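A.B. asks: Here the protein sequences come in this chain order: A and B.
Start counting the first sequence at 1; every next residue gets the next number (the working numbering).
Start counting the second sequence at 1001; every next residue gets the next number (the working numbering).
Heads up, some of the hints might be wrong.
If you want the ones that stay clear, here's a sample from chain B, every Cβ over 12 Å from chain A, calculated [as the list claims (entries may be wrong)]:
hint, residue
1, I1063
2, A1099
3, A1144
4, S1184
5, L1198
For lysine-lysine, the following DSS-like pairs were computed, each having C-alpha atoms within a straight-line distance of at most 25 Å [unchecked claim]:
hint, chain 1, residue 1, chain 2, residue 2
6, B, K1020, A, K23
7, A, K23, B, K1152
8, A, K169, A, K139
9, B, K1020, B, K1152
10, A, K168, A, K139
11, A, K160, A, K139
In case anyone wonders, no lab produced these hints; they're calculated from the structure.
No experiment lies behind these values; they were computed from the predicted model shown.
Backbone N, C-alpha and C define an ideal beta-carbon position, used for all residues, glycine too.
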Amino acid sequence: MCRMRADEATLARLMVMSQQGDKQAYASLLEACQRWLRGYYARRVAPAQLDDLVQETLIALHTKRASWDSARPFLPWLAAIARYRWVDHLRRLYRAGECELQAEIAGNDDEPAIAARITLERLFGVLPEAQARAIALVKIEGLSIAEASHATGQSESLVKVNIHRGLKKLAHMIEKA
Amino acid sequence: MVRNCDVLIAELAGGLEPVKPLRFAHGMAITLIAAAVSVAVVIALFGMRPDLQAGMVNPVHLIATGLFLGLAVAASVTVIVMSRPCVGSDHGGWRWAAAMAALLPAAGLIVGLAGGGDLVSQESFNHGLTCFAIGSSGSVLVLAILVWWLRKGAPTAPDRAGLVTGIAAGSFGIFAFSLHCPESDIVHIGVWHSAVVLSMGAVGRAVVPLLVRW
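Working from the sequences, and respecting the hints, build out all of it.
C.D. replies: In structure tokens:
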């Protein structure tokens, strides 16, 4: 399969052909989208979750391919789908109690970890201090609720409430952005 | 998910079927047709207001009905736009129409509390409840069409899409019933007719996201 550059005009042309049922064009499009999605998610999810999320997004792209209109640009459409799947992925992680951001940013390469940390700190800037501190201590530094309670002077219930409210607010912000 | 990405791509490409892209004009057309059917059913079942039949208009009724129609169209446009994901799309235009229409309940409550209208009599309550019930029922077809359209599309903010869908449907529903309701009192319109829009917005916000998540 040829390795094409994922530029807007080429992707849009391939998508038009795909919507008309051209399987070869569609395979090329999905291949290009796969590479684009890997770059998009690389700094957003843990490496172990990358492949699953890329595949989920490709399936979403397939299922919702009729929602792209050739009168509109392709990459913003793909980016919106990718972001939606990413937010959904974060929600599932949070609900499953697996929101261990420490593990996600602690890859072998320091650069993604630093980038993630900068992004997090920027996001934390819009949260109330108590919520940002509770999330940072428990979800990033890895402290237990009791240790975070001791460190912040907040009760254990308040630490849990602050984490819950803070993460909910962050997810909402990401969805709105 | 354990399979390889290349295998997945081969499977998806192998099973590809042609699709018809969702067009904005198509979405708006079927929404407006659904609204027109709702209006026709309401008028066929209950008849048109006597003053409209006589070719006359009441200014308060005209403004109120126009505001509901404006809100209905603006919210529907937003829902159709929301069905097609695109980073950078603006989904906030309906808020201006909602702010204008919010003058109706505000004015109704002010006049009602100042004693300028009949807000609490049994007759007024029964009539209001009838408007509320039939206006809400008149919203169902547009609600169903917009939900169907959203399910065909890919709304990336299902909660907001649900709220705006409910508001669009409620506004069309009460617009349809306003063509029958003989009342031109701002208190009645501001309280009971606006209640249809608010309640359908709440229903949309609560129910529609469950139906359109993907």
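A.B. asks: Now, for every hint given, state plainly whether the structure supports it.
C.D. replies: Hints, verified against the model:
no.	hint	in the structure
1	I1063	34 Å, holds
2	A1099	20 Å, holds
3	A1144	19 Å, holds
4	S1184	40 Å, holds
5	L1198	23 Å, holds
6	B:K1020 <-> A:K23	16 Å, holds
7	A:K23 <-> B:K1152	22 Å, holds
8	A:K169 <-> A:K139	15 Å, holds
9	B:K1020 <-> B:K1152	11 Å, holds
10	A:K168 <-> A:K139	14 Å, holds
11	A:K160 <-> A:K139	11 Å, holds
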